[in-house]
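A.B. asks: Sequence:
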Amino acid sequence: MNLDDNVIVLDSVDLKDGGNGIRFPLPALGQSATGFVVRFQGKPYAYVNQCAHVSVELDWNEGEFFTPQQDFLICATHGAHYRPDNGFCVMGPCKGKSLKPIKVIEQNHKIIINIASAN
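Note that this note's numbering has the sequence shown beginning at 2, numbered continuously upward.
Bear in mind the hints are in silico, worked out from the structure with no lab data behind them. Keep in mind that a hint or two might mislead.
[Said to hold, decoys possible] Distance condition first, Cα-Cα at most 25 Å in a straight line; then the derived DSS-like pairs of lysine-lysine:
| # | residue 1 | residue 2 |
| --- | --- | --- |
| 1 | K44 | K17 |
| 2 | K44 | K104 |
| 3 | K44 | K111 |
| 4 | K111 | K17 |
Bear in mind the structure is a predicted one, so any value in this text is a computation, not a measurement.
All chains should be built: construct the whole structure from the sequences, respecting the hints.
C.D. replies: And the structure:
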């Protein structure tokens with residue numbers, strides 16, 4: 002993982018469709034704040050790792066964001082279900098709210114995450 006003040010660069014092969022996500026630090030949001038990126042239906046999506054219901058990280062085990070069916074992101078604490086492609090909560094205590102997106106693009110076999118966009 003390459004990291005500078007505003008961008009994180011990952012190798013595309015490190016992110017499997019419906020598999021574990023990759024966490025990364027978000028120092029601008031606080032010392033312990035993290036974000037994550039997952040691949041869903043071939044595309045990368047990145048979010049601040051914080052439930053829209055209560056300020057807790059989504060994953061209990063690091064990188065495990067998907068439901069067993071790999072169709073939704075799930076908050077391990079409250080069971081809220083989020084659409085992987087837009088972060089919208091479709092079930093649970095935060096229904097109608099959304100995860101905070103982080104800009105991400107994929108080009109030349111690299112995933113480029115603009116962590117400055119999380120502010």
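A.B. asks: Run every hint past the structure and note whether it holds.
C.D. replies: Against the structure, the hints:
no. : hint          : in the structure
1   : K44 with K17  : holds, 10 Å
2   : K44 with K104 : holds, 12 Å
3   : K44 with K111 : holds, 12 Å
4   : K111 with K17 : holds, 13 Å
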